[in-house]
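*Asks:* Spelled out from the first residue to the last, the chains are:
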Amino acid sequence: MTTPYLTETRYPLELTPAMPDVWELWQRAKTLEWDPQTDIPWAELQPERYTEEQILAARLHWSRRTWGEYGAISESPALLLRFCLENRHPDLRFFFTMRTQEEGRHAEASWLMAERLGGYFPQPQNPPTVSAVGTHGVRRMAFDPDTSLEGIFASLVCAAEEILIDAFKATVHKATNPAVRRLMELILRDEVRHIAFGWQCLDAWAPWFTPETVLNIERAVTTMIQNVEFGGYRNLWLAIEGGSATPLEIDADRVACEAGLGGTTPEDEMQIVPQFVRKIRARMIPWGVKLPMFSHPKLGQI
Amino acid sequence: MTETSDRLLRGYQAQEKRFVERRFPLHFEPESPAIRELYSQSKGFRWNPTEDIAWARLDPAAYDAPVREAARLVWSRRAWGVYPGLGEGTSLLLRFCLESGSAGMDAKLFLSFRPAEEAKHLEACYLFAERLGGYHANPGHEAIARASNHPFAQMALDPDVPLEGFVAALGCLDDQLDLNLCLSHLQQSRHEIARQALRLIAGDKQRHVIFAWTLLADRLPRLAPERRPAVAAAVRDMLERVILAGYRNTWLLPPGAREGLLAAEALTAQHGLGASTVEQEKAVVRATLAQVRERLATWDIALPYVTHPELGRA
Chain A
1 MTTPYLTETR YPLELTPAMP DVWELWQRAK TLEWDPQTDI PWAELQPERY TEEQILAARL
61 HWSRRTWGEY GAISESPALL LRFCLENRHP DLRFFFTMRT QEEGRHAEAS WLMAERLGGY
121 FPQPQNPPTV SAVGTHGVRR MAFDPDTSLE GIFASLVCAA EEILIDAFKA TVHKATNPAV
181 RRLMELILRD EVRHIAFGWQ CLDAWAPWFT PETVLNIERA VTTMIQNVEF GGYRNLWLAI
241 EGGSATPLEI DADRVACEAG LGGTTPEDEM QIVPQFVRKI RARMIPWGVK LPMFSHPKLG
301 QI
Chain B
1 MTETSDRLLR GYQAQEKRFV ERRFPLHFEP ESPAIRELYS QSKGFRWNPT EDIAWARLDP
61 AAYDAPVREA ARLVWSRRAW GVYPGLGEGT SLLLRFCLES GSAGMDAKLF LSFRPAEEAK
121 HLEACYLFAE RLGGYHANPG HEAIARASNH PFAQMALDPD VPLEGFVAAL GCLDDQLDLN
181 LCLSHLQQSR HEIARQALRL IAGDKQRHVI FAWTLLADRL PRLAPERRPA VAAAVRDMLE
241 RVILAGYRNT WLLPPGAREG LLAAEALTAQ HGLGASTVEQ EKAVVRATLA QVRERLATWD
301 IALPYVTHPE LGRA
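Listed in order, the protein sequences are those of chains A and B. Read in order, the letters of the first sequence are residues 1 to 302 in the working numbering. Read in order, the letters of the second sequence are residues 1 to 314 in the working numbering.
Just so you know, these hints were derived from the structure itself, not from any lab. Each statement offered as a hint is correct.
Pairs of lysine to any residue residues, derived as SDA-like cross-links and limited to a Cα-Cα distance of at most 25 Å, are as follows:
id : chain 1 : residue 1 : chain 2 : residue 2
1  : B       : Lys17     : A       : Thr147
2  : B       : Lys43     : A       : Gly68
3  : B       : Lys43     : A       : Arg116
4  : A       : Lys174    : A       : Pro47
5  : B       : Lys43     : A       : Leu186
Produce the complete structure using the sequences and hints provided.
*Replies:* Next comes the structure, spelled out in structure tokens:
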């Protein structure tokens, strides 16, 4: 090619599994594929059974979820490119292709849910919330050689995805609507693998962490919690600068949750977030990672 | 991280920064029913290389050692050719996302599936080679390594290359040739496992090619006139500097580098284990170039005739 591009050092192109646990996740992912169009009992959604307020809240909630899932197809796939450039183990590359596919499904499924509840919202009601819901910055980090892969894994998987799943796990039983519950279960099933992938990789690499790696992880996870999670990326009620979102948007998760249509209540969040922080703080200690205390106006010191 | 990977990452980083992503409004409703249908088919036609190919019926002992060696080399080479798809599809997906949140969701959803499909092809090739004695991780000759390693993933993220140029070069020309070769290998194969693997791979590749042509048909008429020459240049570059340099066909590799692989392909084709003869491949290349040239001409994109000592004028 007559281009100024650099050519990667591709060979030897190793394909033999080197991380059996991750390889197993790739194998599992292939056997657990599903289709949002056909594997959700859409006929049981029956939006006419709910009040206008509940339906609007649920539409807002599932639209927001769609925007979040979109981040996983517009940003985190950059990590696969990094795995390829850095000649990381084949297990990582194989698994991550499936992860991207699964995130695409989650985005489509969340959009379909909003649509079938009455209509998907293509953007936040108030432009200032765009920055909060817009991006978690993983693509930039993935292409930044000064940000370690370990730091990205820890922040994206062990922080951002972990809290998402903790919230799902803690509230899936409240989703009394069969279609909503099935969708949450299917997303949860995929995300459990995504999280296992991150922890398995970091556990395997931990013995070789340098002080710089540890610092990188601490910085990346802290940023993800303080700037992204507390910025309202997942739940607007948590947004420290919540003034940019409309009251309707902020309350949508609670109303939807109480109607059994997905989402969390502030009471749920008061339990889930501190437990999550304590959990990952303890989980990362064996790596030498010390997460700071976090201060949140609604959650206090955690 | 090596110095090379560091420089490569910085290259991607610089490219990414040249885009200003406008994520909202983020539209999901279908705008291209044909591409949304391809995405639906991807979900419906999923398969698993470890379960959907009856590997136990591929008995290596049924073949003499030279035949096994030949076939494992051919399927290893196929794996080297499949592997770039993981990065290219991913890069193209990112390009779509960087260009706009408000358009192209059908393509984004389709592309969110494609790298996993390529990974399944890669695993199938790997398993085939393993079954016959072991996958080769190294091409063994610098010229083969060079011919099979191009920075297309970077090209996909280059804002100076119109997206249409990338899709025309990679999707309409290279993917089309790859599909046609795959179908030729399928036609020539007699072993049921080679046929199973090639049939499953070809099914996915067919969608990838239709995606490229559909996307081009949708976008090319709207492309600014001053950007159209870049599309023609990308296709021509792909043909002259990549395909004719042996990216897909061993007989186009330089003498001195190709003999071992050529002999392996001939033996594999002879035993029906998933390859075509040189003459069969030449016919495929000529037919593909004619097909692609004709289709591109409908949009006034000219693919000039080429002359090559191994291929003649095509």
